[in-house]
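Just so you know, the sequences run in chain order A, B and C.
The opening position of the first sequence corresponds to residue 1 in the working numbering, with each subsequent residue numbered one higher.
The opening position of the second sequence corresponds to residue 1 in the working numbering, with each subsequent residue numbered one higher.
The opening position of the third sequence corresponds to residue 1 in the working numbering, with each subsequent residue numbered one higher.
Everything labelled a hint here was simulated from the structure, so no lab data went into it.
Treat the numbers as computed from the prediction; the structure is a model and nothing was measured.
For every residue, glycine included, the Cβ atom is placed at its ideal position computed from N, Cα and C.
Possibly wrong hints are sitting among the right ones.
[Unchecked claim] The calculated DSSO-like cross-link candidates involving lysine-lysine, where the alpha carbons are at most 30 Å apart (straight line), are:
| no. | chain 1 | residue 1 | chain 2 | residue 2 |
| --- | --- | --- | --- | --- |
| 1 | C | K230 | A | K7 |
| 2 | C | K369 | B | K77 |
| 3 | B | K341 | B | K223 |
[As the list claims (entries may be wrong)] Calculated Cβ distances over 10 Å to all of chain B for the following chain C residues:
| no. | residue |
| --- | --- |
| 4 | G4 |
| 5 | S203 |
| 6 | C278 |
| 7 | A309 |
| 8 | D319 |
| 9 | A361 |
| 10 | A385 |
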Amino acid sequence: MATIIDKVTLEHVASLARLEITPEEEEPLLGDLERILGHVAQLSSVDTSAIVSKRPAMTELRPDDPREGLTREEGLGGAPAMRDGFVVVRNVMGGEDE
Amino acid sequence: MTTTIGLEIHVQLATRTKMFCGCSTAFEDEPNTHVCPVCLGLPGALPTLNAEAVRLATRIATALGCTVHEVSEFSRKNYFYPDLPKSYQITQFDRPIATGGSVPIVTERGTRSVRLTRAHIEEDAGKSMHAADITLGGETLVDFNRCGMPLIEIVTEPDMQSGDEAYEFLHNLRRLVRWLGVSSGDMEKGAMRCDVNVSVSPDPAKRGTKVEIKNLNSFRSVKRAIDYEEQRQAQCLADGTPVLTETRHFDEVQGTTTAMRSKEASNDYRYFPEPDLPLLQLDPTELESLRTHMPELPWEMQSRFERDLGLLPYDAALITEERSTAEFFQQTVALCDNPKKVASYMGTEVAKLLNERGKTLTETQLTPTTLAGLLTMVEHNAISNTASKDVLPLLMDTGTTPMEAVRSLGLEQVSDTSAIEGFAREVIAENATQVEQFRGGKEAVLGFLVGQLMKKSKCKANPKLTGEILRTLLKS
Amino acid sequence: MNSGLPRTLEQYRRAVRAHELSAEEYLDETRRLIERDEPQVRAFLHLRLDAAHSDAQAADPTSPLAGAPIAIKDNIMMAGERCTCGSRILEHYVAPYSATVVQSLLAAGAVVPGKTNCDEFAMGSSTENSAFFPTHNPADLIRVPGGSSGGSTAAVAAGFALGAIGSDTGGSVRQPAAFCGVVGFKPTYGRVSRYGLVAFGSSLDCIGPIARSVRDTAIMMNVMAVHDPKDATSVRRPHVDFEASLQPTLAGRRVGIIRELQGLDVQPEIAAAMEAACEAALKSGASLVDVSLPHILSALPAYYIIAPAECSANLGRFDGVRYGLHEGGRDMTETYSRTRNAGFGTEVKRRILIGAFVLSAGYYDAYYKKASSVRQLITDELDAALESADVLLTPTTPTTAFRIGAVTDPLEMYKADVFTIPANLAGVPAVSFPAGKDAAGLPIGLQLMGPRWSDAELLSSANVLFTALGGES
């Protein structure tokens, strides 16, 4: 049986999800994922050509009235680093999506 | 070389609260003060859609001639960035609120239509300030006040061919969003942002490599960046160096674009339908009513003014730049029925004073009634055109009526023939030489004599009457 | 437990209203029980017994819940209390706001003794995936209580609370209720607000009540079933009195048995309990109907695509920037992966990876999109079946509670959700009620599913079978 997920794909998916896979984790994880994905892949045999999605629609929207939010302390009191009211993080310039 | 340009414009919708929470959209200097569990992405918080944002989006899409879809869907766009609290942005992907539509632009190639691909609604991210912006030593400061601001993203087809055309498109779009009260359109405050796709090709039938440019903070930057990029790509083609598909950053100071560091992994946003928001369904009767109640659009009004009122293109464009100005103009014309005069006066004298005061028309005391009154007085020779320029500031700054202003300045024009005759006799008596010259056939001297009379009357004498009376007396 | 004390919320409320018992006295009894048994059961991640004592003193005896102790699963926000979701990444997180359902319960006079243990972010079927410790089944301490709401069901079974709330994404209220011998109800999707429930699979998650009788869950539903403008998936429904809707018989009701589930490997005592329940139904005036759901066995694979996909996005917010665990790195990419690696357990990581995979370019159509279509297909089939039957009867689980540490294969663990998952995919209400014990004396749970918005009628049917099979009315 062809593999569904190989090492390269796993590493790609892990980087998308910002998860690091240690070398020790890799083998057992690949095995588990392969079996789980193999199990769920059985859906390909279900004929869904006639299926129409019936997602419901929103019944009401929110009126445009300002509401009390959180203070900075309530909302961001647990942030690892703050300065002058800003949340401080490592420089992300250039390397990431925006 | 053929240049092809497409734009992606984010317009901030003028709502009181954010797209998915009740936090205020008011511009706030203090960072992280307009925040709540929803826009901070706290665990357990859920989005609720702002009805007004939908209404404004529908309004602008209808005005742009888009097909507004009765059913649209929100999706999650997944990526990690410190100013994106949920690590996904709620946007629309497969089923946007609107597709199609167009914006007319006047270009060197004539009036053209720039087609729109789609328009969709989404939330803004927070604001990051990088070390490049301020001295921070390798850190980024994040403010979430902007996070969750309601946006409509408008994507054009690659229908523009120069920086000037892109500038014209943006100008017209901005005029429209302000016209409809959909957005302030203020690019400096980030209420309108634009990314550009530019490709240059030696073969007009083929598209070149698409290069995306970001960090464009003004219409002028958009034009400069396109102009630069056009040259750069043409040079690459001439040199035989390949043009890369990439995202480039515009440097305001240098006026150049530089490649942004390419990402390790290619973008894979893993869009999927947002389970927290059921489908957005619009009422077809409301959509229809929106279409039928749509006000005349600025470019429609502009051509009508040129066509039906005979305004000069420059005046018509100026009058229809802002809806309040256009309304002021129309109300003034209704009162004094001289559209060309009103337009040219608004375009010169009024515009000059507004400029000096740094105000918009609605911020002054001038009203259509007082302006119409002033122009009627000029027309009926109650005051001179020159004198009107002294009256206008009073109308703007104090809100007084033209009559009172003219009286308080003592500028009533003298049209009383006997008074003018009195001045004329004095002028004839005092300027014997010039009188001789005129009688000897030198017509041009009349102007000098009129000037002398005006001086005596402190410019209040009706110039036309003055000329006639002087001529009659000189010939008698 | 002291036989003089009320066994159920309903008995408790009656005693308090008759001034035979005060909320404070009852809480003191509960406290004694917790102090004695909690070290063995370990149902709670955080206790707040002193605060609960003050709350009980202040409780209004005429309020709907009259100061009854109600435990809250630790993935539901209660302002000022820690909310860890059983995860290291939120180990020290204190909720700055309360979930809508918590507000409703408190306003109705609930007293909260503590926040209960659960599988990390509600991902699991045994509560062994809690980052802190496993909870033990009060019926047999070497066994799991089920999961993910195992702390809540164990607390109710052990007498630490008269009721509890849990969250049910694929069976996380019903399966542990079955394992612990209590009632667990998953309402119709949209009936109870999700605002303040830390999301796992947003299109599947439901908050539901756990109690010792079906009637008690109805009493709790009267408080919990409120339309919430803060949750766009919450639906405004006409007012229903769930308790007053409880009928004494099943006269005229059609109980459906799903043909495709008959061949499944189920523990013999559970199969016997099914037969007993069918007999009880017939005796109570119901008719039995055979229904077919041709694709019901595709529910499990569809679920294990959709739930991980949604969780992979929902758990993106735990990035160490604004709250929770933070492990610094050289740059943000490293900070993210270090934080998330240190903060998430193995099962959570596994599901995030599956989710990211099924949504990624090149796999989306074959996995996520396909699963969404299959979900619709199963929903259509369930809706159709629920036209020919008023309720569908199934076991809640294929087996009774297993031993702690006995199931290590994730796929085997997933397969235990086969009966509970269809209700989540279709958004229909489903309830698990105790139906006797197996040879080892372990509780057996049976499940009833009903049409969307038939929550009150469903509880009524469950109440008849529950009492007929020996439960407290």
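- Item | Least C-beta distance between C:D319 and chain B, which was stated to exceed 10 Å | violated (6 Å)
- Going straight from one Cα to the other, do B:K341 and B:K223 come out at no more than 30 Å? Violated: B:K341 and B:K223 sit about 34 Å apart, past 30 Å.
- With d taken as the least Cβ-Cβ distance between C:A309 and chain B, does d exceed 10 Å? violated (6 Å)
- No chain B beta carbon within 10 Å of C:A361's: violated (5 Å)
- Closest CB-CB distance from C:G4 to chain B, is it above 10 Å? Given a closest Cβ separation of 39 Å, the condition holds.
- Message: Quick check for students: does the CB of C:S203 sit more than 10 Å from each CB in chain B?
- Response: At roughly 4 Å from the nearest Cβ of chain B, C:S203 sits no farther out than 10 Å, so the non-interface label is violated.
- Query: Closest CB-CB distance from C:A385 to chain B, is it above 10 Å?
  - Reply: holds (24 Å)
- Is C:K230 within 30 Å of A:K7, Cα to Cα? Since the Cα atoms of C:K230 and A:K7 sit roughly 42 Å apart, the hinted pair is violated (cutoff 30 Å).
- Would you say C:C278 is clear of chain B, with no C-beta pair closer than or equal to 10 Å? holds (36 Å)
- Query: Taking only the CA atoms, is the gap from C:K369 to B:K77 under or equal to 30 Å?
  - Reply: This hinted pair holds, its Cα atoms lying about 16 Å apart.
Checked against the numbered hints above, the structure breaks hints 1, 3, 5, 7, 8 and 9 and satisfies the rest.
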